[in-house]
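Please model the complete structure; the sequences and the hints are all you need to start from.
Protein chains: 2
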Amino acid sequence: MNLLEERILKDGRILDGNIIKVDSFLNHQLDIEFLNKLGQEIYEHFKDKNINKILTIEASGIALATVVSQAFSYIPVVFAKKQKTSNIGDDLYQSVVKSYTSNKEYNVTVSKRYLSSDDNLLIIDDFLAEGNALKGLIDVANQAGCQIEGLSVAVEKGFQDGGKIIRDMGYDLLSLAIIKTIENGKFEFDN
Amino acid sequence: MNLLEERILKDGRILDGNIIKVDSFLNHQLDIEFLNKLGQEIYEHFKDKNINKILTIEASGIALATVVSQAFSYIPVVFAKKQKTSNIGDDLYQSVVKSYTSNKEYNVTVSKRYLSSDDNLLIIDDFLAEGNALKGLIDVANQAGCQIEGLSVAVEKGFQDGGKIIRDMGYDLLSLAIIKTIENGKFEFDN
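Going down the list, the protein sequences come from chains V and X. Residues in the first sequence are numbered consecutively from 1, following UniProt numbering. Residues in the second sequence are numbered consecutively from 1, following UniProt numbering.
No lab work stands behind these hints: they were computed from the structure. These figures come from a predicted structure and were not determined experimentally. Each hint can be trusted.
27 Å max Cα-Cα, derived DSSO-like pairs, lysine-lysine:
#, chain 1, residue 1, chain 2, residue 2
1, V, K104, V, K135
2, V, K84, V, K21
3, X, K47, V, K37
4, X, K82, X, K98
5, V, K98, X, K81
6, V, K84, X, K84
7, V, K82, V, K135
8, X, K37, V, K37
9, X, K186, V, K112
10, V, K186, X, K112
11, X, K21, V, K112
12, V, K135, V, K49
13, X, K112, X, K81
14, X, K180, X, K21
15, X, K104, X, K21
16, X, K81, X, K104
17, V, K37, V, K10
18, V, K84, X, K98
19, V, K21, X, K112
20, X, K37, V, K81
21, X, K82, V, K112
22, V, K82, X, K81
23, V, K81, X, K81
24, V, K49, V, K164
25, X, K84, V, K21
26, V, K112, V, K81
27, X, K135, V, K84
28, V, K47, X, K37
29, X, K10, X, K21
30, V, K112, X, K10
31, V, K82, X, K84
Only some residues are given here: those of chain X computed to face chain V with a beta carbon under 10 Å:
#, residue
32, E58
33, S60
34, V78
35, A80
36, R113
The C-beta atom is built at its ideal place from N, Cα and C for all residues, glycine as well.
Here it is in C-alpha cells:
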C-alpha cells in the first residue's frame with residue numbers, strides 16, 4: 001500500500017451518499033509536509049518529460065501544484081479560475097465544465113497571457129471523478145496550443161468514468177491513489 | 001525598495017478603473033520560488049509568536065499559505081471556502097463577507113473540525129483592499145476560540161481602508177508591500 005492509500009485509510013471518511021472526505025489533509029485542512037511527499041512522487045513519474053509549466057484549477061489543486069512546482073525546481077504554476085457562464089472577455093481561454101458535485105455549469109478560464117505553444121504542461125488536480133474539470137483544462141490547454149505532457153491527480157475515484165475517459169484520450173494520467181470501491185463503508189484501492 | 005515592491009514595479013500592471021494586476025506572479029500565474037522568498041519574510045516577522053496553524057481563504061491565498069507553512073516547518077494550513085449565502089450545515093463556522101471586487105455577498109466557511117481554541121493562528125491572504133475577507137476570517141477564528149497571533153498579506157492597497165481597519169482592531173498586520181497610490185498610472189509605495 002502506498003503513502004496516500006495509507007493516509008486515506010487512516011484519515012479519510014465515507015459519508016452518506018458515497019461522499020469521500022479527505023479534507024483533514026488534502027483539500028480543506030492541508031498537511032503540507034505530506035503534500036510535498038506526494039509532489040515528489042508525481043515528479044518521479046514525469047521528470048524525464050520536458051515539462052516547463054503546471055496547469056491546475058482553483059482551489060483544491062493549488063497547494064498540490066505548488067509543491068509539484070518545487071519538485072520540478074520551481075516551474076511556473078497557472079491556476080484556472082471558475083466563473084459563472086456569462087460575459088467573459090476575449091483575453092481569456094475558456095471552456096464550459098459541468099461540476100460533478102454541484103451539477104451546475106461553470107466556465108474554466110485562463111488568461112491568454114499565461115498559456116502558449118511554448119508550454120509543455122503537467123496538468124494537476126486533487127480529485128478525479130467524472131473527469132469534467134480535467135477535460136476543461138485539456139480543452140483550454142489545446143486552445144492555447146500547449147503540449148500536454150501528462151496529468152496527475154492525488155485521488156481517482158476508480159468507480160467513476162473520469163480515469164478511463166482521460167486515458168482513452170491517450171494521455172499519461174498518474175493517479176496516486178485509485179479508490180476501487182467504497183461499498184460497505186470501507187476504502188478499497190486499485191493497485 | 002523591498003523584493004515585492006521591485007517585482008510589482010517590474011511586472012505589475014495598472015488597468016483602467018484603478019485595477020491592480022499582479023497576476024503574472026502572485027495570483028493567476030504563480031512564481032513559486034518568489035513566493036517562497038515572500039514566505040520567508042513573513043516567517044521572519046512572526047517566528048517568535050507561538051503560531052501553530054495558518055488560516056487563509058480560497059483561492060489566491062492558498063499558494064502563499066503553503067510556502068509560509070513550509071517556512072514554519074510545516075504547520076497545518078486551513079483554507080476557508082467561499083459559498084453563496086444559503087443552506088449551510090451547522091458543522092461549519094461561517095461569516096458573511098461582501099466582496100470588494102464583485103460587490104456581492106458570500107459566506108466564508110470553515111469546518112468546525114479544523115479550528116479550535118488550541119489554535120494560535122497566522123491569517124494569510126494575497127491582497128488587502130477594504131479588509132472584508134480578513135474580517136470574515138477573523139470572525140470565523142473568533143467563533144472557534146482561536147488565538148489570532150497576527151495577519152499577513154502580500155499586497156495592501158494603502159489608499160483603501162482595510163489596513164487601518166485591521167490595525168485599529170489591535171492586530172499585528174504585516175503587509176509585504178503597501179501601495180500608497182496608483183495615480184498617474186504609476187505604483188508608489190508606503191515604506
